[in-house]
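Novice: So the chains spell out like this:
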Amino acid sequence: MDASTLRLKCMIHAALMAALTAVGAYIAIPVGPVPIVLQNMFVLLAGLLLGSRWGLVSMGIYVLAGIMGLPVFAGGTGGVGRFFGPTGGYLLTYPAVAYLVGFISEKGGHRVVTDVFAMMAGMALTYAVGVPWLAMVTGMSLTKAVAVGLIPFIPGCFIKVAAAAFIARAMRPLMILSPHSELSRN
Amino acid sequence: MDTLTFMGFSPGDSLLHRLDPRTKQILLILAGGFCLNKNPLFLGLMTLALAGAGHQARLSFFRLIKEIRYFLFFLAGVFAVRVITLSDHWTLSVDPDGLQESVLMLWGLVLVVVMGILLMVTTRISHIRAALVWFLAPVPFVNERSIATMVGLMVRFLPLILFQAAEMADAQRARGIDHRKNPLYRLSCFTFPLFRRIFLKTDDLAAALQARCYTDNRTLPQLVFSRIDALILWAVLVMMGVSISVFSHP
Amino acid sequence: MTQTPPILRVSHLSHRFSDGTLALDQVTLDFQAGELTVLVGANGSGKTTLLRHLNGLLMPQCGDVEVCGVSVQKNPKAARKRVGMVFQDADSQIVGETVYDDVAFGPENLKLNRDTIEHQVRAALSTVGLWDMAEKPSYVLSGGQKRRLAIAGVLAMKPEILLMDEPFSNLDYPSLCQVRDQILALHQDGHTLVITTHELEKIVHYAQRLVVMEKGRVVRDGAPQDVAHALERYGICSPCFMQAACGRSPWTP
Numbered sequence: 002m003d004a005s006t007l008r009l010k011c012m013i014h015a016a017l018m019a020a021l022t023a024v025g026a027y028i029a030i031p032v033g034p035v036p037i038v039l040q041n042m043f044v045l046l047a048g049l050l051l052g053s054r055w056g057l058v059s060m061g062i063y064v065l066a067g068i069m070g071l072p073v074f075a076g077g078t079g080g081v082g083r084f085f086g087p088t089g090g091y092l093l094t095y096p097a098v099a100y101l102v103g104f105i106s107e108k109g110g111h112r113v114v115t116d117v118f119a120m121m122a123g124m125a126l127t128y129a130v131g132v133p134w135l136a137m138v139t140g141m142s143l144t145k146a147v148a149v150g151l152i153p154f155i156p157g158c159f160i161k162v163a164a165a166a167f168i169a170r171a172m173r174p175l176m177i178l179s180p181h182s183e184l185s186r187n
Numbered sequence: 007m008d009t010l011t012f013m014g015f016s017p018g019d020s021l022l023h024r025l026d027p028r029t030k031q032i033l034l035i036l037a038g039g040f041c042l043n044k045n046p047l048f049l050g051l052m053t054l055a056l057a058g059a060g061h062q063a064r065l066s067f068f069r070l071i072k073e074i075r076y077f078l079f080f081l082a083g084v085f086a087v088r089v090i091t092l093s094d095h096w097t098l099s100v101d102p103d104g105l106q107e108s109v110l111m112l113w114g115l116v117l118v119v120v121m122g123i124l125l126m127v128t129t130r131i132s133h134i135r136a137a138l139v140w141f142l143a144p145v146p147f148v149n150e151r152s153i154a155t156m157v158g159l160m161v162r163f164l165p166l167i168l169f170q171a172a173e174m175a176d177a178q179r180a181r182g183i184d185h186r187k188n189p190l191y192r193l194s195c196f197t198f199p200l201f202r203r204i205f206l207k208t209d210d211l212a213a214a215l216q217a218r219c220y221t222d223n224r225t226l227p228q229l230v231f232s233r234i235d236a237l238i239l240w241a242v243l244v245m246m247g248v249s250i251s252v253f254s255h256p
Numbered sequence: 075m076t077q078t079p080p081i082l083r084v085s086h087l088s089h090r091f092s093d094g095t096l097a098l099d100q101v102t103l104d105f106q107a108g109e110l111t112v113l114v115g116a117n118g119s120g121k122t123t124l125l126r127h128l129n130g131l132l133m134p135q136c137g138d139v140e141v142c143g144v145s146v147q148k149n150p151k152a153a154r155k156r157v158g159m160v161f162q163d164a165d166s167q168i169v170g171e172t173v174y175d176d177v178a179f180g181p182e183n184l185k186l187n188r189d190t191i192e193h194q195v196r197a198a199l200s201t202v203g204l205w206d207m208a209e210k211p212s213y214v215l216s217g218g219q220k221r222r223l224a225i226a227g228v229l230a231m232k233p234e235i236l237l238m239d240e241p242f243s244n245l246d247y248p249s250l251c252q253v254r255d256q257i258l259a260l261h262q263d264g265h266t267l268v269i270t271t272h273e274l275e276k277i278v279h280y281a282q283r284l285v286v287m288e289k290g291r292v293v294r295d296g297a298p299q300d301v302a303h304a305l306e307r308y309g310i311c312s313p314c315f316m317q318a319a320c321g322r323s324p325w326t327p
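Protein chains in written order, with my numbering: chain A, 2 to 187; chain B, 7 to 256; chain C, 75 to 327.
No lab work stands behind these hints, which were simulated from the structure alone. If you're wondering where the values come from, they're calculated on a predicted model, not measured in any experiment. A virtual CB, placed ideally from N, CA and C, is assigned to each residue, including glycine. Among the hints, erroneous ones may be present.
[Claimed, not checked] When the alpha-carbon atoms are kept at most 30 Å apart in a straight line, the in silico DSSO-like pairs for lysine-lysine are as follows:
| hint | chain 1 | residue 1 | chain 2 | residue 2 |
| --- | --- | --- | --- | --- |
| 1 | C | K151 | B | K207 |
| 2 | B | K44 | C | K151 |
| 3 | C | K210 | A | K10 |
| 4 | C | K232 | A | K10 |
| 5 | A | K10 | C | K151 |
| 6 | B | K207 | C | K232 |
| 7 | C | K185 | A | K10 |
| 8 | B | K207 | C | K155 |
| 9 | C | K185 | C | K155 |
| 10 | A | K10 | C | K148 |
| 11 | C | K148 | B | K207 |
| 12 | A | K10 | B | K207 |
| 13 | C | K210 | B | K72 |
| 14 | C | K155 | A | K10 |
| 15 | B | K207 | C | K289 |
| 16 | A | K108 | B | K207 |
| 17 | B | K207 | C | K185 |
| 18 | A | K145 | B | K207 |
[Said to hold, decoys possible] Every beta carbon over 12 Å from chain B, so not counted as near; a handful from chain A, in silico:
| hint | residue |
| --- | --- |
| 19 | M69 |
| 20 | I105 |
| 21 | E107 |
| 22 | F118 |
| 23 | M121 |
| 24 | T139 |
Make the full structure from the sequences, and use the hints.
Specialist: Below, the structure is given as structure tokens:
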């Protein structure tokens, strides 16, 4: 595969991952009192599967498309308002989170232990920015913001990190832009 | 899952349709940011302006409400959390100081959302992409053209992925996935096949792009910044100035 | 036979996948301008791999492909401009968010100016009867409309040769007729067409030539009436009307 084809495939991966992340906002698995929304798990996976650089690009274009007013928030959630709104802080961290997760995971040689650590760091970053943002935009106290914007999601976070570790292991062989890819053709 | 109900571009000839996409985006960022400043005069003026522009662009009010209904529920929730406090004796009480401020905050947020929808409904996606290239051109280390391509692909594949995710969820429910309570299992069961299915498209997509001579250096739509654009920008800036001078926040 | 040089020339083309499978084995084929060729073969016989060589998506490891006398290897971009390809899965071929944007994608890549693009997009969409849908997002189209959009996306680049991979798969009867009529109209306009299919009866009547592939080799090549009787030997269902003519009723034990 020549360099331009490789780059094109990386671009396609980044675009598809961004689209998956957008869709992830509308996929909720109904377990427990708070349904688990998959979006921030997809952000972690962007870092694990695409690596730091392309993970950053992928989440960057998701955020950028939203800010520019493109219809990336399907299904009745009011477009750009999501970025200015109370949950905007979480969304804006996505590029940095994907980069961080990808970076740590690469340094750790894609081992499960470092992957899990990377994702924990990523989640911490999301909430470290998202919760104060929530408090600031709505004018509620920080304690209240923690109570509604962090605590209910903690169990879900652990489940997501565990699931993402599994999924990344299963997906990685497919993500390598392999020379075998021609095989599927007849 | 609510599939494919979002409002897309609808062709027309209203004032908003004729504005340069860059003007609309700058306005969205400027006025959107300012809306959160909780200035009642500005919010009032903006509401009137948006109602007028929306009416002229033939945006249906009911369609709009339907479009943002989840966001409205969400805002109602935020409002409740903000205003209602739990006192020492485990009774709920309403915080009167917060009430007025919360109303202004919600008003501003709803306006931002409406602005976003107006932008979406009156602007071609290809024009938004061209504007993106224009905005990113001065940014160093960023290849604005490949970013525009990726953004285009993302918007193209979003509905397709949404549809496939819904189809997969149905297929799994048909085989009794609801009986499995282990959340870890449910999450992996859903995500892995979805990701595999989507990423397997990469090779086909790369071939399809190359077959049509894909290059970064492509013809872009022409954007025209006209006198009306300048006029509207000034008008909004004046609105902001007047609002600040009348209602100055401490 | 004609004396004019072929528009598309494949000589001694071989291609081996990285796992060692020989996908194409010494394929030599010439295509004359204006010819409608149907390419058949069982799954894995190398049809798609061959098509992908004809416009430089795959490069010859051995042998050569020439489009209008120019080697694809030397100038893949020129080959891709001359040779348009309609893929089997229209959904992964359509890259534009709206019908118009998708058709404009090719001409935009060729760096044509806006007016020319507008003109060619309009012409291509009118040809396939989708001009009314130009502003619609591409995902709302039906299966048949998507396939026609994929054809329009290629036509807007004004190719002389069109390759179509399984253009009849997954279509209901009316869409199938539309796509077939589209193909015949393009043939009438003088385009050179190479079509792969498993459903031979839908197009063979109009073809000048039938090429049969098996295990990466061309095993039969000739006028449809001369080749069609031998098809079942290569794992290909012969056209229903031919089976009926032999007194057999297709798809019954």
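Novice: A separate judgement is required for each hint: does it hold in the structure or not?
Specialist: Structure-based check of all given hints:
no.	hint	verdict
1	C:K151 <-> B:K207	23 Å, holds
2	B:K44 <-> C:K151	56 Å, violated
3	C:K210 <-> A:K10	27 Å, holds
4	C:K232 <-> A:K10	26 Å, holds
5	A:K10 <-> C:K151	18 Å, holds
6	B:K207 <-> C:K232	27 Å, holds
7	C:K185 <-> A:K10	22 Å, holds
8	B:K207 <-> C:K155	23 Å, holds
9	C:K185 <-> C:K155	12 Å, holds
10	A:K10 <-> C:K148	23 Å, holds
11	C:K148 <-> B:K207	28 Å, holds
12	A:K10 <-> B:K207	10 Å, holds
13	C:K210 <-> B:K72	21 Å, holds
14	C:K155 <-> A:K10	21 Å, holds
15	B:K207 <-> C:K289	26 Å, holds
16	A:K108 <-> B:K207	29 Å, holds
17	B:K207 <-> C:K185	27 Å, holds
18	A:K145 <-> B:K207	44 Å, violated
19	M69	5 Å, violated
20	I105	21 Å, holds
21	E107	19 Å, holds
22	F118	19 Å, holds
23	M121	16 Å, holds
24	T139	5 Å, violated
Hint violations for this structure: numbers 2, 18, 19 and 24, all remaining hints satisfied.
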